[in-house]
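Enquirer: Note that the protein sequences, when read in sequence, are chains A and B. Under this note's numbering, read the first sequence as residues 2 to 145, first letter to last. Under this note's numbering, read the second sequence as residues 2 to 145, first letter to last.
It is worth saying that the hints were derived from the structure and are not from the lab. Accuracy of the hints is not assured; some may be wrong.
For identical chains, the list gives no copy identity; a pair is met inside one copy or between any two copies.
No farther apart than 35 Å at their CA atoms in a straight line, the calculated lysine-lysine pairs in the DSBU-like style are these [to be verified]:
1) K100 - K5
2) K100 - K30
3) K112 - K75
4) K137 - K112
5) K112 - K25
2 protein chains.
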Amino acid sequence: MFSKACEYGIKASIFIAISSSEGKRVTPKEIAEEINSPQAFTAKILQALVKHDVINSVKGAYGGFEIDKNQINKIKLAQIVNAIDGDKIYRGCGLGLEKCDENHPCPVHDKFKSIRNNLQFMLEHTTLEELALDIKSGASFLKV
Amino acid sequence: MFSKACEYGIKASIFIAISSSEGKRVTPKEIAEEINSPQAFTAKILQALVKHDVINSVKGAYGGFEIDKNQINKIKLAQIVNAIDGDKIYRGCGLGLEKCDENHPCPVHDKFKSIRNNLQFMLEHTTLEELALDIKSGASFLKV
DNA sequence: ATTAAATAGGATATTTTTATCCGAAATAAA
DNA sequence: TTTATTTCGGATAAAAATATCCTATTTAAT
């Protein structure tokens, strides 16, 4: 479904959201430990998220990654997925056809339509805030 | 969503189903041309489908791949996907957690549930026959 | 100014996926 | 029995994804 990079990116963003809501910046090391991911690879993904304005970085001593507190309830999963995996997950053809649309559909085009639409809707309507709240309350988990 | 191998496997199976319904065996060369895939790689995938009893092979001159005519309406997409990609597409965690279930869900577990269930239902209820009929009638396409 | 801590980013390594190649075994037809 | 055709399967190769390493740059505190 998502690439490893994207999975790490989502989990990292949730953890940064939680930390930021508590006024704390976090480093790749802390993030990697919290989400159980390879540190250097995670750092690369964080760079991509910064470039796409999903998260914010502060260089130098006492720096780290953070998310603007009043953006946490505005950032959607779709932005993170788009930043890392692009939009192929709901745009690309399910069977990899170069050209696949209503006029020239692949064999599963119609059958996939609703599933992909549901996925897209979910990603575009799920905020970092709600995911972060579930982690905070212990309703969901970022690792093991 | 699916691996390339799985995409090729699905398209190949549909083409074989069509050919078999017309009493013709087909070779990897014909299949690869029809579905626009790399021939040798496609041949490997066909071997996997044979091992998983999705399709049938006949060795030697005048041999090739075929599907038992009265199995075409019984074979489900799920069998093909399972043979090549396994069941991670609806079993694995959306965020790659080793352990992810109702008692220990990842942050998107609930949000993914219905999407994954829909996908699973679709794969388990879509037969090769209906996909083949659409290709035959020109309602859908296997390439470009 | 100096130092310590942090991100940025290029280079490289490893692993997985995708793809190719070739010889062996099977089989139908001549 | 010979030949041509075909699948099978192992060995590689190439490309993409995942992961690591190292140096430069930035910056807060002393």
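Enquirer: Hints first: check each against the structure and report whether it holds.
Expert: Each hint tested on the structure:
1. For a Cα distance limit of 35 Å, the shortest separation of K100 from K5 qualifies both inside one copy, at 27 Å, and across copies, at 16 Å.
2. For a Cα distance limit of 35 Å, the shortest separation of K100 from K30 across copies, 23 Å, qualifies, whereas the shortest one inside one copy, 43 Å, does not.
3. In this homomeric assembly, K112 and K75 come within 35 Å of each other (Cα to Cα) both inside a single copy, at 31 Å, and across copies, at 18 Å.
4. In this homomeric assembly, K137 and K112 come within 35 Å of each other (Cα to Cα) only across copies, at 17 Å, whereas the closest approach inside a single copy is 37 Å.
5. With identical chains, the CA atoms of K112 and K25 are at most 35 Å apart between copies only, with a shortest distance of 28 Å across copies and 45 Å within one.
This entry satisfies every hint, going by the numbered hints stated previously.
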